[in-house]
Amino acid sequence: MTVSLSEPPSQDHQLFISRDLRPPNFAAYKPPREIKGGHRASVRCLGWNTDGRRLASAGVDKVVRVWTPERSLELRSSIELKGHTETVDALAWDPTHPERLATAGQDSTVRLWDIRSGTATFTTQTPGTNINLTFHPKGHLIAVGNRDDDISLIDVRAGGKLLGTIKPSPPDSKEEINEITWSNSGSIFIATTGTGCVRVMDSRSSNDVSPPKVASESASALAQEAASKAAVEESATRKTEGASAMDVDEEKKVDATPAAPTAVTPAMAARQSLTQTVPWESVYTLLAHTATIFCAQFDPLGRYLATASADSTVGCWSIPEFESVWMAGQNLNYPPRALSFSHDGEFLAAGGEDPFIWIGSTVNGATLHKLPVTGTTNTLAWNPAKNLLAYAGEEKAGHEGTIRIWGL
Numbered sequence: 008m009t010v011s012l013s014e015p016p017s018q019d020h021q022l023f024i025s026r027d028l029r030p031p032n033f034a035a036y037k038p039p040r041e042i043k044g045g046h047r048a049s050v051r052c053l054g055w056n057t058d059g060r061r062l063a064s065a066g067v068d069k070v071v072r073v074w075t076p077e078r079s080l081e082l083r084s085s086i087e088l089k090g091h092t093e094t095v096d097a098l099a100w101d102p103t104h105p106e107r108l109a110t111a112g113q114d115s116t117v118r119l120w121d122i123r124s125g126t127a128t129f130t131t132q133t134p135g136t137n138i139n140l141t142f143h144p145k146g147h148l149i150a151v152g153n154r155d156d157d158i159s160l161i162d163v164r165a166g167g168k169l170l171g172t173i174k175p176s177p178p179d180s181k182e183e184i185n186e187i188t189w190s191n192s193g194s195i196f197i198a199t200t201g202t203g204c205v206r207v208m209d210s211r212s213s214n215d216v217s218p219p220k221v222a223s224e225s226a227s228a229l230a231q232e233a234a235s236k237a238a239v240e241e242s243a244t245r246k247t248e249g250a251s252a253m254d255v256d257e258e259k260k261v262d263a264t265p266a267a268p269t270a271v272t273p274a275m276a277a278r279q280s281l282t283q284t285v286p287w288e289s290v291y292t293l294l295a296h297t298a299t300i301f302c303a304q305f306d307p308l309g310r311y312l313a314t315a316s317a318d319s320t321v322g323c324w325s326i327p328e329f330e331s332v333w334m335a336g337q338n339l340n341y342p343p344r345a346l347s348f349s350h351d352g353e354f355l356a357a358g359g360e361d362p363f364i365w366i367g368s369t370v371n372g373a374t375l376h377k378l379p380v381t382g383t384t385n386t387l388a389w390n391p392a393k394n395l396l397a398y399a400g401e402e403k404a405g406h407e408g409t410i411r412i413w414g415l
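Everything in the sequence shown is counted per the numbering used here, starting at 8 for the first residue and increasing by one.
For the record, the hints were derived by calculation from the structure and aren't laboratory data.
Hints are not guaranteed to be accurate.
[Stated by the list, open to error] Pairs of lysine to any residue residues, derived as SDA-like cross-links and limited to a Cα-Cα distance of at most 25 angstroms, are as follows:
1) Lys174 with Asn191
2) Lys377 with Ala392
3) Lys145 with Lys43
4) Lys403 with Arg47
5) Lys403 with Ala48
6) Lys89 with Pro102
7) Lys168 with Asp157
8) Lys145 with Thr57
9) Lys393 with Asp157
10) Lys377 with Arg29
11) Lys37 with His350
12) Lys174 with Thr292
13) Lys43 with Thr103
14) Lys403 with Leu80
15) Lys89 with Lys168
16) Lys181 with Asp209
17) Lys174 with Ser212
18) Lys168 with Val70
19) Lys377 with Gly336
20) Lys69 with Arg123
21) Lys403 with Ala392
22) Lys145 with Ser194
23) Lys174 with Asp155
24) Lys174 with Thr126
25) Lys145 with Lys377
26) Lys145 with Gly336
27) Lys168 with Glu288
28) Lys174 with Gly135
29) Lys181 with Lys89
30) Lys145 with Ser325
31) Lys43 with Arg344
[As the list claims (entries may be wrong)] The following label-pair restraints were derived from C-beta to C-beta distances:
32) Asn340 with Leu308: 29 to 35 angstroms
33) Asp58 with Glu81: 17 to 23 angstroms
34) Arg123 with Glu93: 23 to 29 angstroms
35) Glu87 with Pro307: 26 to 32 angstroms
Being a predicted model, the structure only gives us computed values, none of them experimental.
From the three backbone atoms N, C-alpha and C, an ideal C-beta is built for every residue, glycine too.
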């Protein structure tokens, strides 16, 4: 009888072997590479462009930077994008163009940058302090959410024009909105809420190249029409009164010139956009968690939706059925605040206040690895072409603004 001294293959190992895949050996990965000096304060958001060559970062110091990590991690090799006057909480690359980046800041603006020139193609004034941002898969629309839980829709092709407000919650209700995103096809738009629900909307009407229609006319157009009508009526009234007065006293004159219309400022246009509703139908509400859902993401193959909640669990839901595939939480002590799928959809990373980033299998939610971190993880992102994981968060004094890349 032959006795084997080797350990039997683990269940997770078999999970990959059975599908003709090489099992990952995350434990053998080199320590993460560090990018230092690019930010003077906490980094709030990270993102790889569509071809995986560039990494964008932004945060509390109001600066947006673009790196090419596989070429150089030096500050002098980065591109600095200046313009925001407050913290930048969200960024998103155009999924159809590797050189276009959108950013959203607490200065109530959304900016679309052309990385080649280092300048903003447009700056859109929004109704409030922005905290989240997402691109439509076809690149023609941007959705941005603010601290007042308003979600605005922006037309990229029209130079950043505000098209109206997306309202995923039931009428006459106001919900905390924490994450917004489109499905891979752009047919579904979701918003995660403070009640543990995911609101699902049918956004297919905005998939074509023409700008989406809104449920009501532009508030500014209505106001201008009313002002014009009132001016004409007032002019006619004054002329009549003037003619009567001239019969009595020819020296009395009446100025019938209508007042000049008030110019509509960007801030006024932003507020007026709240009165317009994008006509997407709410089609489903997923009761996903028992507490606030902080983040959500669709996997790159379109099979799953992952959610992370204040109940310290990560959930995986099938698409389009929205049925539970698995729920992971036994290894998490604190709520995850950032999620990201790997480029092949095999792995899911989740980070938050735990002293590690959890790496799990998307097939069954099994823990594959725990990547140690030194502080709270604010943001993380898998590269869209290979197993490189970028992450950043709160750091000890003297290390603020550090970005790490695991697998480089």
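Against the structure, the hints come out as follows:
no. : hint                                   : verdict
1   : Lys174 with Asn191                     : holds, 20 angstroms
2   : Lys377 with Ala392                     : holds, 22 angstroms
3   : Lys145 with Lys43                      : violated, 34 angstroms
4   : Lys403 with Arg47                      : holds, 12 angstroms
5   : Lys403 with Ala48                      : holds, 11 angstroms
6   : Lys89 with Pro102                      : holds, 22 angstroms
7   : Lys168 with Asp157                     : holds, 16 angstroms
8   : Lys145 with Thr57                      : holds, 12 angstroms
9   : Lys393 with Asp157                     : violated, 35 angstroms
10  : Lys377 with Arg29                      : holds, 19 angstroms
11  : Lys37 with His350                      : holds, 20 angstroms
12  : Lys174 with Thr292                     : holds, 13 angstroms
13  : Lys43 with Thr103                      : violated, 30 angstroms
14  : Lys403 with Leu80                      : holds, 21 angstroms
15  : Lys89 with Lys168                      : holds, 21 angstroms
16  : Lys181 with Asp209                     : holds, 20 angstroms
17  : Lys174 with Ser212                     : holds, 15 angstroms
18  : Lys168 with Val70                      : holds, 24 angstroms
19  : Lys377 with Gly336                     : holds, 13 angstroms
20  : Lys69 with Arg123                      : holds, 20 angstroms
21  : Lys403 with Ala392                     : violated, 31 angstroms
22  : Lys145 with Ser194                     : holds, 11 angstroms
23  : Lys174 with Asp155                     : holds, 13 angstroms
24  : Lys174 with Thr126                     : violated, 32 angstroms
25  : Lys145 with Lys377                     : violated, 35 angstroms
26  : Lys145 with Gly336                     : violated, 34 angstroms
27  : Lys168 with Glu288                     : holds, 22 angstroms
28  : Lys174 with Gly135                     : holds, 15 angstroms
29  : Lys181 with Lys89                      : violated, 34 angstroms
30  : Lys145 with Ser325                     : holds, 23 angstroms
31  : Lys43 with Arg344                      : holds, 23 angstroms
32  : Asn340 with Leu308: 29 to 35 angstroms : holds, 30 angstroms
33  : Asp58 with Glu81: 17 to 23 angstroms   : holds, 21 angstroms
34  : Arg123 with Glu93: 23 to 29 angstroms  : holds, 26 angstroms
35  : Glu87 with Pro307: 26 to 32 angstroms  : holds, 30 angstroms
Hint check: violations occur at hints 3, 9, 13, 21, 24, 25, 26, 29; the rest are consistent with the structure.
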